[in-house]
Amino acid sequence: MNWVGRAAKLALLAALAAAVAFGATDVQSAVNPIGPQSGKIANLWWFFFWLLGAIYIVVMIAALWTLTRPNRGFGQEPLEHTHQLSPETDRRTSRVVAGATITTIVILFVLIVASVGTGKGLSELGEQKNSLTIQVMGIQWWWQVMYQTSDSSIAVTTANEIHIPVGRPVQLRLLSNDVIHSFWVPNLHGKTDLIPSRVNTQWIQADKPGVYRGQCAEFCGLQHAHMIIYVVAESPDKFKAWYDRQLQPAAAPSDPVMQRGQQVFMNNACVYCHQIRGTDAAGQNGPDLTHFGSRLGIAANTVPNTPGNLGGWIADPQSTKPGNHMATIALNSADMHPLINYLESLK
Amino acid sequence: MTQTQDVLPNVPNQEQNISNLERTWRRGRGLIGWLSVTTHQAIGMRYIVTAFIMLCVGGIEALLMRIQLAKPNNTFLSADLYNQIFTTHGTTMMFLFAVPVMEGMAIYLVPLMCGTRNVAFPRLNAFGYWMFLGGVLFLYWGVFTGAAPDMGWFAYPPLSGPQFTPGKRTDVWAQMITFTEFSALCVATEIVVTILKMRAPGMSLNRIPLYVWSLLIQSFMVIFAMPAIVVASSFLLSDRTIGTHFVNPSEGGDPLLYQHIFWFFGHPEVYIIFIPALGFVSAIVSANARQHVFGYPAMVLSQIANGFIAFGLWVHHMFATGLPQIGEAFFTASSMMIAITSGVQIFCWIATLWTGRPRMTTALYFVYGFIAIFVLGGMTGVMLASVPLDLQVHDTYFVIAHFHYVLIGGAVFPLFGAFYHWFPKMTGRMMSERLGRWNFWVLFVGFNLTFFPMHILGLKGMPRRVYTYPPEVGWGFISQIATAGAFVIAIGGVMFLINVFRSRKSGAIAGNNPWDADSLEWATSSPPANYNFEYLPAATSRSPMWVPREERTFVTGLRTDRREVLVTTLMDAEPHHRYVLPGSSIWPFITAIAASITFVGSVFNPWYIISGSILIFVGLLGWFWPRRAAEIRDEA
Amino acid sequence: MTEPKTIDVSHLPPYDISNQAPLWWGQLLLAAIEGMMFCILIAAYLYVRLRYDVWPPPGDQFPHRLLPTLALIPLILSCIGTYWASEAAKKDDRAGMIKGLALNLVLAIVFFVIRLMDWYSLNFSYKADAFGTYLWAFLAVHTYDYVGDVIFTLVLFLLVVIGRHGPKVRLGVHVDSVVWYFLVIVWIPIYVAVYWGPTLMETQQ
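Residue numbers (my numbering), protein chains in the order written: chain A, 1454 to 1800; chain X, 4 to 639; chain B, 6 to 210.
It should be emphasised that the hints constitute simulated quantities derived from the structure, not laboratory data. Virtual Cβ for every residue (Gly too), placed ideally from N, Cα, C. Be careful, since some hints might not be right.
[What the hints assert, rightly or not] Some chain B residues well away from chain X (every beta-carbon gap over 10 Å; in silico):
1) 17
2) 25
3) 30
4) 42
5) 77
6) 79
7) 98
8) 99
9) 108
10) 115
11) 126
12) 143
13) 144
14) 187
15) 195
16) 204
[Stated by the list, open to error] Listed next, the stretches of chain B that the computed footprint assigns to chain X, with coverage defined by at least 3 CB atoms under 8 Å from CB atoms of chain X:
17) 34-40
18) 167-175
One chain only, chain A, in its complex shape (with noise of 0.2 Å):
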């Protein structure tokens, strides 16, 4: 009975545990659905939880009660015992394990329809009309989106952050540029893989307005851990107010401190790998910066947005995001300044 005892007290502490720690935070997380595909694979992970955990708690229970037996202790017993069961007892024993068995495969069997059918489930978002269409491309080690208009042109390029409006189901296309990458913003849905030479398609929808954390869930190299995704959703009408900005060429810089901004960008290698609409810079390698200074956060969200880390950010990539592709450009500190001005002007 000891064991017993202990067990339990063992578990409950697990149990406890286990609450408190559920109930941390809800950033980014499987059990905190804010949309319908999310929604209905928390609802089967609910029910697998105490279904399952059910079983589990019934197999430890009957293991454990097999101690219950009194203890032999270690003396060798004669070999006059034929160590085998009576023919009674034989009977009993098949027919429970026979009963467990049968048992298992009945729950396997409503285990196996459940996932199934949640899985159809998922499949009725992408049936729905009026949807929005987003290309997401993973390139080493940030996400860039292209919103799609009816005619497959591309209206607007942004970078490491999709807006969508609350409550119109959002297709994605996903692909990548290099190496295998994973979406996955788990308030939202369950992951896809971003596959070069392939196009996969994941829809989803938020029904909450608010700001949902995601990041690459298949490791990709060096700075896997840095490329986050933040999935924006705000009501149609703020959506439209923002999808139509993002429709604009980048903003004019309004004083000189931000005119020469702009020239210390066009002078150096930033136009190589950078494009801001509406200028001459039209480089395609690295993140679309025409409205860089609306967004949260730089280097796919490894740092808030704000006029301090963009410093750092630019004076040294490296340090930010070790081993990043960003070139390391000197530029000196009366260059610096207009050029964070400029930067963060692009709303």
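Here the structure of chain A is known, so what remains is to put chains X and B in place on it, guided by the hints.
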């Protein structure tokens, strides 16, 4: 001369018999003698010791990882170093510890349990060990020269291809695979033939011990699964070194193909590790519950089914890659169905313990620990089999928790139980039961403290293989608990080592059969002589050692002036012919050197495949050359 | 006390040259391993084919079929030599073994020469694209195994010729037949895959 077996037939010239056997089976002297060993006990021990060292090394790698992850934005390890360490940890544990330790135990135990003197191909056995050691040395040469692999233990292209991982890191990984897979294939081949052709007379198929069944099934799995990883790693290596287009996306290679081939091996691989552990559990349970494991036919059929079904699950590692739903549903069904075959075995063991009279040795503690941990891992496995759930928790700490529960709970806990159970047989001394119980509890608590919280971390969004994380995601507190648990596991490991070293010196003398267990390894001395048994036993029941002494049967008539064993028929194990095994030989070692030159060299220059093959040919020539002195002459 | 029972096996032969010998079984398992590897290679080839719209890729010529098809004749006939040799090995018939192994080797070498001639005519490089890579992979791996076994058969042949045909060598000759049959049998699906595959799987224009 003391006799090894406690019951012997009354045959003339016994003393002469024993002294002949001692001389025939003696190991050569000095370094050459050590390199030429072909006895299975020695080679089995080498595997076990080497694999255990790898367990400790892998454990240190794990501790380093846990230190880095204990707090947000930690700077203990750089990104590059962390990526190398997690890759090497996985690679070491899977290829250099888990499979080899199971092989080593098999090499040691199977001939004893089958009642014979050695494995079917002793020189192949030696060669297999040297290849395993070669793999260890090659990988760690890479680790210590800055060429540690860093692209994950599964090395998906294109990341592992020439474009994104230049240098030798991936090549070292791929070629280490070749070493260890050759080794595993050699062991599998000889174990199958030993079990099918060299069993004790009377040990028909329905009398084979459950542990031996598990090895038979596992060895067939190795034979059909390992070629896949040889193919996958060769595809990768040749894409990188000679510019082929197997799995590179440019010019038509397909990264998803690599995943299919890799996981076609990868899923059976975990069962290859786990099924022998189930065999350990059967042996420990029957000895300590004092009766046969309940439901022998159900146990055997479940294991066979397990082996087959394991080949039909691999796509569940690829649910997030965008495969068609119908295909994925099939793999959901098969992945869940395999829970039945494992479940039946759990039910049978519980039934055995329930109807038997459990004796709480340390080994049995580990069996209970196995049940508690493995069954939980099985539950999360059923969850992962569901595609919608997998899409959320795939590639997160939830999966890390799952596979550590099934691998540590399902394989390592039975392995520790097996060490406590067979240590007396291997060394002649008992381990400390008191320290053993403490050992168990420290490992059990430490394990759960480390890995249970990881389920929660995964659900809270923490992906795998990240070297750090920011404070705002709320993973810090749980990560600290997991790190603390890892150190508790380490303490458990140290306790085990202390128990081993102390017991070897001053443990109680074990005698032939301290547990009153039922299989044939307990018929002979602890440790066994090089020739195992003076007279090979026959098996007239499923539990030969529980047959009363007066009813036991022995084989006489085998010559003792050469290494002679008995070959029996497949189904009923009737004596068929005598079989002369080779003595000590240096040629397996020489051939292994030649193979190592071939493999290592070809990473740097493909022409080594040709020149190395010539060296291998020379080695094999020496190996198989018919020496006049060793010719078998018919008796007059 | 009654004595334990005994089974006396001293009358059993100390070796057996048949498919009951452990070495025969071991060789069969090795053949299973190689065979599994080829299966996976063929499966991979078919998988890759399904990923292409146009097959073979532009610029790759179909392999010519005359030489490899002709080569099948000496290859299959060489099995007769192997069969004779392995039967002779069971009976310790030195002359029979020499005849069988010689026939095997001569026909094996004829096959190999034809194969080399065929290789000169293949116009695609293994480096060009997936098509070239897979076809050359089949040919290279099979050839490596093939050459290896021809060399071993040659060694066995020489040993028998110089008179060293004790039980070990005879068992070797008998077990070598397993390898030889395997190499011939496994070549059939590979031959189909390499030389007929492009046509059978060709995109219909």
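- request: Over 10 Å to the closest beta carbon of chain X is the bar; see if residue 195 of chain B clears it.
  value: Non-interface label on residue 195 of chain B holds, nearest chain X Cβ at 14 Å vs cutoff 10 Å.
- prompt: the segment 34-40 of chain B covered by chain X? Criterion: 3 or more residues, Cβ-Cβ distance below 8 Å.
  reply: The restraint on the segment 34-40 of chain B holds, since 5 of its residues have a Cβ under 8 Å from chain X and three suffice.
message: Just want to verify: residue 17 of chain B was marked as not at the interface with chain X; is every Cβ pair farther apart than 10 Å?
response: Contrary to the label, residue 17 of chain B does not stay out of reach of chain X, its closest Cβ about 5 Å off (not over 10 Å).
message: If I take the minimum Cβ distance from residue 99 of chain B to any residue of chain X, is it greater than 10 Å?
response: For residue 99 of chain B, whose nearest Cβ neighbour in chain X is about 14 Å away, the distance exceeds 10 Å, so it holds.
message: For residue 77 of chain B, is the shortest CB-to-CB distance to chain X above 10 Å, so the non-interface label stands?
response: holds, 26 Å
- request: Could you check that no beta carbon of chain X comes within 10 Å of the beta carbon of residue 143 of chain B?
  value: holds, 12 Å
task: May I ask you to check that residue 115 of chain B keeps its beta-carbon over 10 Å from the closest beta-carbon of chain X?
output: holds, 23 Å
Non-interface claim for residue 144 of chain B versus chain X (Cβ beyond 10 Å): holds, 13 Å
message: Please verify that the nearest CB of chain X lies beyond 10 Å from residue 30 of chain B's CB.
response: violated, 5 Å
task: Mind verifying the non-interface call on residue 187 of chain B? Its CB should be farther than 10 Å from each CB in chain X.
output: The assertion about residue 187 of chain B holds, with a minimum of 14 Å to chain X.
- prompt: So is residue 204 of chain B really clear of chain X, every C-beta pair being over 10 Å apart?
  reply: Label holds. Min Cβ-Cβ 19 Å, cutoff 10 Å.
Beyond 10 Å from each Cβ of chain X, as asserted for residue 25 of chain B: The assertion about residue 25 of chain B is violated, with a minimum of 6 Å to chain X.
Consistency with the previously given hints fails for numbers 1, 2, 3, 4, ordered from lowest to highest.
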